[in-house]
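Protein chains: 2
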Amino acid sequence: MNTLAVTGGQVLFPDHSVAEADILINTDAGTIEEVGSNGELAGTADDHLDAAGGLVIPGLVNAHTHVAMTLFRGAADDKPLDAWLQEDIWPVEAELTGEDVRAGARLGIAEMIRSGTTAIADMYFFMPEVAAVVEEACIRARLGHGCITVGKDEEAAHEDFEAGLEFAKEHNDTANGRVKTLFTPHSLTTVDRQFYEEYIPEAHDAGIPVHIHANETTQEVEPLVDEYGKRPLEYADDLGILTEETFLAHGVHVDETERELLAERGTSVVHCPASNMKLASGMAPIQKLHDAGVTVALGTDGAGSNNDLDMFDEMRDAAMIGKLAENDASAVPADAVLEMATKAGAETLGFDSGRIEEGANADLAVLDLDSLHLTPQHDLVSHLVYAARGSDVRHTVCDGQVLMEDRELTTLSADDVMAEGSKHATELFARAE
Amino acid sequence: MNTLAVTGGQVLFPDHSVAEADILINTDAGTIEEVGSNGELAGTADDHLDAAGGLVIPGLVNAHTHVAMTLFRGAADDKPLDAWLQEDIWPVEAELTGEDVRAGARLGIAEMIRSGTTAIADMYFFMPEVAAVVEEACIRARLGHGCITVGKDEEAAHEDFEAGLEFAKEHNDTANGRVKTLFTPHSLTTVDRQFYEEYIPEAHDAGIPVHIHANETTQEVEPLVDEYGKRPLEYADDLGILTEETFLAHGVHVDETERELLAERGTSVVHCPASNMKLASGMAPIQKLHDAGVTVALGTDGAGSNNDLDMFDEMRDAAMIGKLAENDASAVPADAVLEMATKAGAETLGFDSGRIEEGANADLAVLDLDSLHLTPQHDLVSHLVYAARGSDVRHTVCDGQVLMEDRELTTLSADDVMAEGSKHATELFARAE
Chain A
1 MNTLAVTGGQ
11 VLFPDHSVAE
21 ADILINTDAG
31 TIEEVGSNGE
41 LAGTADDHLD
51 AAGGLVIPGL
61 VNAHTHVAMT
71 LFRGAADDKP
81 LDAWLQEDIW
91 PVEAELTGED
101 VRAGARLGIA
111 EMIRSGTTAI
121 ADMYFFMPEV
131 AAVVEEACIR
141 ARLGHGCITV
151 GKDEEAAHED
161 FEAGLEFAKE
171 HNDTANGRVK
181 TLFTPHSLTT
191 VDRQFYEEYI
201 PEAHDAGIPV
211 HIHANETTQE
221 VEPLVDEYGK
231 RPLEYADDLG
241 ILTEETFLAH
251 GVHVDETERE
261 LLAERGTSVV
271 HCPASNMKLA
281 SGMAPIQKLH
291 DAGVTVALGT
301 DGAGSNNDLD
311 MFDEMRDAAM
321 IGKLAENDAS
331 AVPADAVLEM
341 ATKAGAETLG
351 FDSGRIEEGA
361 NADLAVLDLD
371 SLHLTPQHDL
381 VSHLVYAARG
391 SDVRHTVCDG
401 QVLMEDRELT
411 TLSADDVMAE
421 GSKHATELFA
431 RAE
Chain B
1 MNTLAVTGGQ
11 VLFPDHSVAE
21 ADILINTDAG
31 TIEEVGSNGE
41 LAGTADDHLD
51 AAGGLVIPGL
61 VNAHTHVAMT
71 LFRGAADDKP
81 LDAWLQEDIW
91 PVEAELTGED
101 VRAGARLGIA
111 EMIRSGTTAI
121 ADMYFFMPEV
131 AAVVEEACIR
141 ARLGHGCITV
151 GKDEEAAHED
161 FEAGLEFAKE
171 HNDTANGRVK
181 TLFTPHSLTT
191 VDRQFYEEYI
201 PEAHDAGIPV
211 HIHANETTQE
221 VEPLVDEYGK
231 RPLEYADDLG
241 ILTEETFLAH
251 GVHVDETERE
261 LLAERGTSVV
271 HCPASNMKLA
281 SGMAPIQKLH
291 DAGVTVALGT
301 DGAGSNNDLD
311 MFDEMRDAAM
321 IGKLAENDAS
331 AVPADAVLEM
341 ATKAGAETLG
351 FDSGRIEEGA
361 NADLAVLDLD
371 SLHLTPQHDL
381 VSHLVYAARG
391 SDVRHTVCDG
401 QVLMEDRELT
411 TLSADDVMAE
421 GSKHATELFA
431 RAE
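In order, the protein sequence lines correspond to chains A and B.
With the working numbering, you'll find the first sequence wraps up at 433, consecutive numbering, no jumps.
With the working numbering, you'll find the second sequence wraps up at 433, consecutive numbering, no jumps.
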């Protein structure tokens with residue numbers, strides 16, 4: 001057994017207590033072998049990672065993103081969702097190539113490693129390219145090809161759905177188990193009912209979890225209520241979408257009936273607070289979802305509507321907007337938010353990570369605590385949610401491999417990734433003009 | 001004339017256009033002597049600051065804070081304003097000493113220099129201590145002793161107001177003009193009417209601008225409406241508070257009549273989006289204030305309710321919550337937010353800064369653009385508001401003096417400030433138990 005010891009730091013335990021401890025990682029298995037404070041772990045390890053003056057936390061889980069959309073960062077802001085998609089995003093996406101997606105994925109994944117994220121759920125196009133980058137970068141991911149029927153004839157729509165299923169079947173459990181897949185119809189209003197009826201059973205049969213956008217804006221709710229006389233998630237339930245493996249992005253406009261339905265079915269929601277604010281979609285009722293017993297994870301959405309992929313920003317946003325939504329400053333407290341970004345995220349994605357514990361995947365980040373904006377230290381959980389930022393992350397480890405040491409990436413070259421990302425963004429937007 | 005040249009970077013101009021340019025600073029006067037792109041400025045200067053690969057922006061203006069409250073960072077979160085003040089903040093503030101305030105001010109001002117802020121408005125206690133730190137750190141500030149009458153007998157209340165006026169008169173235009181003062185009654189509901197009637201004319205006579213908390217929560221609105229049958233800002237206007245020099249913190253619950261009144265009087269509002277979210281105070285109608293012609297600046301409020309003093313966070317929050325408040329993704333766009341944090345902030349505080357222009361104060365920050373989360377660069381104004389963070393600031397200059405070079409503070413020692421801040425926070429909270 002080859003081992004790596006993370007030594008000298010404080011550790012955030014699954015119950016959110018913090019204590020000094022060393023961590024011994026089995027780098028062959030990619031798992032945490034032992035967590036202890038007797039000082040003996042360091043001596044036995046093959047390699048060492050210095051966590052002195054730092055706080056070891058689980059690698060953060062970004063449970064909804066479109067990582068290649070880093071190429072769109074800052075290209076079109078301050079516009080409503082519909083206009084933004086139709087005028088700015090879709091025309092450029094029509095010009096996307098696999099090479100663009102690879103460059104965008106490298107840029108986004110590098111940014112996430114630098115800010116302590118080790119696992120993501122991604123829905124986009126040219127997904128074999130994204131899978132290749134996930135493998136290269138050595139993070140953990142659930143990936144799905146986004147399928148859509150609006151604007152397509154029936155044959156093209158079928159091709160799209162077949163491609164989605166094929167990708168999901170082919171790439172599941174690849175990259176040493178770090179890549180798992182998803183079946184990802186875009187949303188309840190952008191996919192015709194007949195395609196849900198045909199393909200959802202196929203996805204279930206193949207054991208592929210379903211991930212869709214749901215109830216993001218009121219415009220996604222009203223047409224379904226008008227057509228079927230039901231709330232969108234009741235409609236989704238009729239189609240067999242709501243299972244324990246399924247997770248829904250956004251869930252902004254979910255009423256009490258829908259919250260109870262989600263709890264009953266064991267279906268999770270991925271909260272994307274920054275995107276919901278920036279696109280003025282609304283405020284998701286996160287405290288009410290928690291109260292109903294629904295598992296809520298956290299996601300950045302794409303960089304086009306955020307505009308960064310920093311899960312520390314997202315935690316802060318979730319705590320902030322959670323209070324506004326309830327008109328109650330005690331709603332969605334720091335503890336609950338930290339859980340969303342770690343354990344709940346990992347559970348939602350079906351990964352055995354999101355916690356520093358013997359036997360779990362060795363996915364973690366080490367934060368520098370020695371900085372002005374984290375002084376004094378009354379409460380480190382508060383600091384993680386309200387004051388820390390991605391740039392405080394010193395080391396990132398996934399699957400027992402060191403992906404960043406002392407702010408230097410090991411699996412990707414930041415300089416190459418930035419140069420390649422800039423080039424592809426420039427050329428892509430030039431083609432779309 | 002001694003000079004400093006900031007060379008090799010791009011410059012954000014007052015109209016928010018960006019172009020390569022060098023800046024020549026007259027370090028004796030603390031002003032910008034010349035802005036040019038002919039490459040000659042560098043040769044003539046006594047000193048140089050390397051801005052290659054960077055973007056030079058005006059030093060940010062934090063127009064409402066309680067800087068010494070950095071000692072409270074993370075000590076009490078997730079509680080409503082009233083309970084937070086009464087259970088957590090006031091009992092500890094009762095134990096505050098001048099030395100605590102000095103330590104907290106050093107910590108907060110160091111954090112702000114590290115994140116590109118060069119001017120602040122501060123309202124708190126032991127203000128001569130804060131003034132001394134502002135002078136030592138070499139930033140620019142408007143300072144006021146917070147006066148309050150609730151919980152005090154009449155004699156004590158008078159003493160407090162006399163102290164507030166005395167501080168304002170004694171310290172105005174000190175520290176080479178970098179310290180100016182304010183008269184700062186706490187709020188419309190925590191100060192008895194008779195004290196406004198007595199002291200506001202005195203402040204006006206002494207030429208000291210007034211800064212108060214106003215319309216932060218509905219609990220501050222209702223009692224005044226009940227007692228006087230008027231909106232709070234109509235009541236404030238009756239008391240002669242609303243002038244062109246006055247600025248109000250928060251302004252969350254201001255109705256159309258009040259917005260028009262503010263515009264008519266030329267009174268500014270300081271928006272504090274993070275604090276308003278964290279304390280669930282509500283969403284200030286920033287787009288409507290802009291539309292009415294009211295000048296809106298931006299502030300972090302204290303670290304107890306934020307929990308950092310990073311104006312980049314605050315810009316992002318302002319853009320985000322501004323859209324939610326209007327249910328319109330085009331509301332409060334990046335351009336407007338950048339203006340709030342620079343030009344509008346400087347105007348509100350009465351400083352000749354907030355813009356890179358010949359003759360203006362040489363208050364600026366240089367951001368590193370060469371990073372993953374700022375790639376690609378479709379739009380640098382978008383990046384400043386939505387993607388940049390305080391840790392991207394490489395150099396900070398105020399009054400022509402370099403306060404941070406390559407992330408190293410020059411006027412304060414970060415290590416000493418952190419050690420001193422931790423010690424005072426620990427001892428203060430121990431005393432209050």
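Derived from the structure by calculation, the hints contain no laboratory data.
Among the clues, some could well be false.
[Stated by the list, open to error] Here are the simulated DSBU-like pairs of lysine-lysine, each with C-alpha atoms no more than 35 Å apart in a straight line:
{"no.": "1", "chain 1": "B", "residue 1": "Lys230", "chain 2": "B", "residue 2": "Lys169"}
{"no.": "2", "chain 1": "A", "residue 1": "Lys288", "chain 2": "B", "residue 2": "Lys169"}
{"no.": "3", "chain 1": "B", "residue 1": "Lys230", "chain 2": "B", "residue 2": "Lys423"}
{"no.": "4", "chain 1": "B", "residue 1": "Lys423", "chain 2": "A", "residue 2": "Lys423"}
{"no.": "5", "chain 1": "A", "residue 1": "Lys343", "chain 2": "B", "residue 2": "Lys169"}
{"no.": "6", "chain 1": "B", "residue 1": "Lys230", "chain 2": "B", "residue 2": "Lys288"}
Structure versus earlier hints, numbers of those that do not hold, lowest first:
2, 3, 4 and 5
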